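Here the protein sequences come in this chain order: Z and A. At position 61 of the first sequence (counting the first as 1) the number is 61 in UniProt numbering, and the numbers step up by one without a gap. At position 93 of the second sequence (counting the first as 1) the number is 93 in UniProt numbering, and the numbers step up by one without a gap.
Just so you know, the hints here were simulated from the structure itself, not pulled from any lab data. Predicted model, so just to flag it, every value in this text is computed and none were measured. Don't be surprised by glycine CBs; every beta carbon is placed ideally from N, CA and C. Be aware that a few hints might be false.
[Claimed, not checked] Some chain A residues near chain Z, calculated using beta-carbon distances under 8 Å:
1) LEU40
2) PRO42
3) LEU61
4) PHE63
5) LEU98
6) LEU99
7) VAL102
8) ILE103
9) VAL148
10) SER234
11) VAL237
12) SER248
13) GLN250
[Claimed, not checked] Which bits of chain A does chain Z cover? Going by a derived footprint, with three or more residues having C-beta under 8 Å, they are:
14) 83-97
15) 171-185
16) 217-228
17) 261-270
[Unchecked claim] Simulated restraints, written as ranges between beta carbons of each label pair:
18) A:PRO208 <-> Z:VAL136: 33 to 43 Å
19) Z:TRP46 <-> A:THR41: 28 to 38 Å
20) Z:VAL136 <-> A:TYR60: 41 to 51 Å
21) A:TYR211 <-> Z:SER48: 21 to 31 Å
22) A:SER234 <-> Z:ARG174: 48 to 58 Å
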Amino acid sequence: MNLTTRRWIPHTIAVVGLLVLLYPLAWLLATSLKPADEVVTSLDLWPSHLEWSNYTTALDGVSGVPVTRLLWNTVLIAGGAVVGNVVSCSLAAYAFARLRFRMSKVMFAFMVATLMLPHHVVLIPQYIIFNQLGMVDTYWPLILPKFLATEAFFVFLIVQFMRGLPRELEESARIDGCGAFRTYWSVTLPLSRPALITTAIFTFIWTWNDFFTQMIYLFAPEKFTITLALRSFVDQSSTSAYGPMFAMSVISVLPIVLFFFVFQRYLVQGMATSGLKG
Amino acid sequence: MSTVSTRAPARADGPAGTRPPARRRRARRREQRWPAYVFLTPWMLGAAVLTLVPMAVSLYLSFTDYNLFDPPRWVGLRNYQEMLTEDPRFWRSVGTTLLYVVIAVPLKLLLALGAAMLLKNLGRGRAFYRSAFYAPSLLGASMTIALVWRALFNDGGSVVDILGSVGIDTGGWVGSPDLAVYVIVLLTVWQFGAPMVIFLAGLQQISPELYEAAALDGAGRWRQFVSVTVPMLSPVVFFNLVLEMIQSFQVFTPAFAVSGGEGGPADSTLFYTLYLYERGFTASHMGYAAAMAWLLLVVIGIITLILFRTSRSWVFYADEEGR
């Protein structure tokens with residue numbers, strides 16, 4: 001195998017994989033622009049003409065609530081969840097990864113145990129609690145738990161990352177007289193940025209895509225998220241409304257794609273080595 | 001919250017050189033203990049109020065007959081007995097879920113690791129492919145994509161037609177009791193980008209110096225993979241394995257959307273959580289649903305415990321070297 005072949009094989013695999021992978025998305029985009037009579041009958045990905053009215057229908061939203069309002073509602077919930085998770089999970093993770101305290105092993109074991117906790121186990125009692133607090137049909141049940149580090153996935157993710165960080169920097173910060181908070185804030189947290197940004201991105205996406213929790217807690221159409229609205233849109237329309245339905249689907253996933261393109265460059269920054277060298 | 005508040009107040013009248021060291025030692029000890037609990041306060045609150053108490057309540061509910069409106073009525077082990085000995089649909093849902101987990105998780109992780117290795121050495125275009133491969137994971141859990149896959153694999157859907165045009169006549173997958181579950185398997189595998197990004201982050205965290213040292217010692221590509229990449233990446237592999245396994249046991253939205261909420265055809269996509277939802281929320285048997293949730297918890301717990309036990313022999317942490 002000569003050098004040129006060795007260079008071309010991975011590129012070919014990547015291109016073919018990419019085409020297969022993106023086909024459903026291309027289909028989604030194409031269908032959202034197709035006239036009603038072409039959706040089922042035509043295998044051709046390209047619409048005969050672009051049916052923009054699918055989008056104007058979709059923009060009207062559901063139950064008189066425009067899509068812009070639905071998107072803003074979802075941004076509020078997802079934004080709150082991101083802030084909550086990054087703050088609370090990084091605090092807990094630092095304690096688990098770096099500090100010594102009584103019962104640390106028991107608590108860590110419990111945290112890992114909640115990692116595998118099926119949401120269904122706590123669902124009904126949580127609902128009863130939020131109902132007692134008068135928080136049903138508000139965004140609090142969707143945001144408040146994130147500020148209490150209930151998503152052990154992210155605590156675990158950041159703990160794993162922090163454990164992989166070299167201890168030398170933190171030790172020298174300690175020798176320079178830094179307390180636990182200052183070491184956390186000025187040394188460990190900046191080094192953990194890739195893990196924090198991964199946490200932020202996953203939190204945003206999972207909250208944005210969530211259907212089950214939102215359905216349980218939100219009832220008023222003007223408080224609906226885009227996913228809830230999409231669901232009622234599907235329920236209300238027949239297959240002849242495939243175009244508008246998938247137009248609304250495209251609108252609903254667009255913010256996720258934008259969010260990712262803004263932040264994706266932070267995702268894979270390898271901090272361990274550069275941290276040691278710097 | 002600052003470190004200042006945890007330090008002993010400075011006293012001007014103390015004889016210099018004798019008392020401060022003792023005070024500082026005491027302060028240091030306090031400093032060590034208190035911040036840990038301050039860091040953990042949000043987590044401890046959440047663990048108590050939103051996890052431990054609800055877990056206990058739902059364990060209690062699993063021994064009752066409860067419909068959300070009337071007070072729970074104690075029935076002892078009746079729910080568990082019905083589940084394990086009198087309910088064929090329960091066992092059907094267990095079988096479907098296990099089949100799905102055993103096929104989807106290894107496929108997804110192998111593809112993710114393969115893609116991460118491919119992208120790591122790709123050079124030009126790597127950032128682009130990374131973004132593009134990751135895109136499906138952004139969208140895969142959404143209602144939108146489940147609806148797209150339902151349309152693609154339905155009778156007359158594009159994928160079915162494309163397969164038919166190359167001579168593979170499968171018919172509509174969504175309506176087939178044998179194939180419907182694989183629509184959801186493929187939807188899951190399609191999202192390999194998320195673990196791939198984590199693998200890639202792990203790969204790029206490995207110091208180039210380790211590879212340089214290995215190369216100096218005469219290690220070839222394969223030897224470098226086995227002796228440097230695999231051990232350095234093992235925490236990430238472990239993390240992904242646990243994460244994906246747990247998520248897969250709880251898959252809900254795709255099965256719900258692809259089967260129109262019913263787990264059909266012929267209960268072939270009746271995933272465990274879907275059946276739990278049906279018994280609990282549609283049929284208002286919250287006690288039975290709570291019992292199912294607790295059994296799921298126990299099973300996931302046992303499998304995770306096994307993974308953690310075996311991890312001691314294959315997961316390697318850099319800062320534990322030489323311990």
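Each hint, compared with the structure:
| no. | hint | verdict |
| --- | --- | --- |
| 1 | LEU40 | 5 Å, holds |
| 2 | PRO42 | 4 Å, holds |
| 3 | LEU61 | 7 Å, holds |
| 4 | PHE63 | 14 Å, violated |
| 5 | LEU98 | 15 Å, violated |
| 6 | LEU99 | 19 Å, violated |
| 7 | VAL102 | 17 Å, violated |
| 8 | ILE103 | 19 Å, violated |
| 9 | VAL148 | 5 Å, holds |
| 10 | SER234 | 11 Å, violated |
| 11 | VAL237 | 11 Å, violated |
| 12 | SER248 | 12 Å, violated |
| 13 | GLN250 | 5 Å, holds |
| 14 | 83-97 | violated (count 0) |
| 15 | 171-185 | violated (count 0) |
| 16 | 217-228 | violated (count 0) |
| 17 | 261-270 | violated (count 0) |
| 18 | A:PRO208 <-> Z:VAL136: 33 to 43 Å | 54 Å, violated |
| 19 | Z:TRP46 <-> A:THR41: 28 to 38 Å | 57 Å, violated |
| 20 | Z:VAL136 <-> A:TYR60: 41 to 51 Å | 22 Å, violated |
| 21 | A:TYR211 <-> Z:SER48: 21 to 31 Å | 54 Å, violated |
| 22 | A:SER234 <-> Z:ARG174: 48 to 58 Å | 29 Å, violated |
Going through the hint list in order, the structure does not satisfy hints 4, 5, 6, 7, 8, 10, 11, 12, 14, 15, 16, 17, 18, 19, 20, 21, 22.
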